[in-house]
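Visitor: Work the whole structure out from these sequences, hints included.
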Amino acid sequence: MSNDITTLRCRIERWPIAGSFRISRGAKTEAVVVVAEISRSGHTGRGECVPYARYGETPEGVLAAILGMQKPLAAGLDRRSLASAMTAGAARNALDCALCDLEAKCGGQRIWTLLNRPAPSPRSTAYTISLGSPEAMAAATARASHRPLLKIKLGGDGDPQRIAAVRKQARESELIVDANESWTPHNLERNLAACEAAGVTLVEQPLPAGNDEALARIRRPIAVCADESVHDRASLDGLRERYDAINIKLDKTGGLTEALAMADAARALRFEVMIGCMVATSLSMAPAMLIAQHARFVDLDGPLLLARDRDDGLRYDGSTVYPPDVALWG
5 MSNDITTLRC RIERWPIAGS FRISRGAKTE AVVVVAEISR SGHTGRGECV PYARYGETPE
65 GVLAAILGMQ KPLAAGLDRR SLASAMTAGA ARNALDCALC DLEAKCGGQR IWTLLNRPAP
125 SPRSTAYTIS LGSPEAMAAA TARASHRPLL KIKLGGDGDP QRIAAVRKQA RESELIVDAN
185 ESWTPHNLER NLAACEAAGV TLVEQPLPAG NDEALARIRR PIAVCADESV HDRASLDGLR
245 ERYDAINIKL DKTGGLTEAL AMADAARALR FEVMIGCMVA TSLSMAPAML IAQHARFVDL
305 DGPLLLARDR DDGLRYDGST VYPPDVALWG
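Mapping of the sequence shown onto the working numbering: position 184 corresponds to residue 188, and the numbering continues sequentially without gaps.
Please keep in mind that the hints were generated in silico from the structure rather than gathered at the bench.
Backbone N, C-alpha and C fix where the C-beta goes; we use that ideal spot for every residue, glycine too.
Honestly, I wouldn't trust all of these hints.
Unchecked claim - Quick list of the computed label-pair ranges, beta carbon to beta carbon: (1) 225 x 11: 50 to 56 Å; (2) 143 x 57: 54 to 60 Å; (3) 88 x 165: 47 to 53 Å; (4) 57 x 272: 43 to 49 Å; (5) 71 x 125: 46 to 52 Å.
Guide: As structure tokens, this is what we get:
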């Protein structure tokens, strides 16, 4: 894949969210994604990423970073050498996934065959309940109580009341919680106890990244998952005393190539693995389906939160998500 790459195209897209999506850091009504397309020899590979302000990313900055790789790509840069040319993040994710897609199309095989991975099978995904008042979250949960796995966004003050209200409306669902760094060492044990009382299975990132040492000093009554505290393989060191699981997101790892390696490394360290996502279209979710095959928790509900998905999107049957067709990716 050296000198045949002829074009790199990139654009910002905006996809309306059905209603709004709220976490502890704020709310949004649209998903802003950046799509990269790499073409050669009559084939085009696509990748989608979500710039995340939490990590200092903007859509315009990510767009510029992707377009800045035009000359290296034309000179033969491929996904195997991409990691040494770019830092992990959204821009590299879009290019890595586009290169994977292109390699599969040029080789006439599905990407999992080329990567020597098992063909993905359907998986059950979590469905997210946005942060709100206990009453609003209870009402949203009642509408989703038929789903087997619910991910509950929490936000600090009042979280014991929120999770109790949610559980009353979802007697049978497995519950996982995402605090998005909103708890403090002072309310950590109280909030964990409330989650334990509600039968929550997992709590994501209760404390701010870089200020999570309290997790190593307490008895954790339920499993705690690192999200903002973990990005790629290099960030796994030192997490075992504080966390029981890690959330792998391709926008953090900088693409599928690193995500697969990170999942293998995490399992070797005996972390439970979650595959997560940002709110985005099926083009973002499709590569993550390869990680989902061996993940304990699958959270790939981004398209379910949109007012509409892109053409040829992933098939969702209730909470069951199916692998991508060739027309979408890979």
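Visitor: Compare the structure with each hint and give your call.
Guide: Each hint, compared with the structure:
1. 225 x 11: 50 to 56 Å: Holds, since residue 225 and residue 11 (Cβ atoms, about 54 Å apart) stay within the stated range.
2. 143 x 57: 54 to 60 Å: violated, 29 Å
3. 88 x 165: 47 to 53 Å: Taking Cβ atoms as reference, residue 88 and residue 165 lie about 49 Å apart, which means the hint holds.
4. 57 x 272: 43 to 49 Å: violated, 33 Å
5. 71 x 125: 46 to 52 Å: violated, 36 Å
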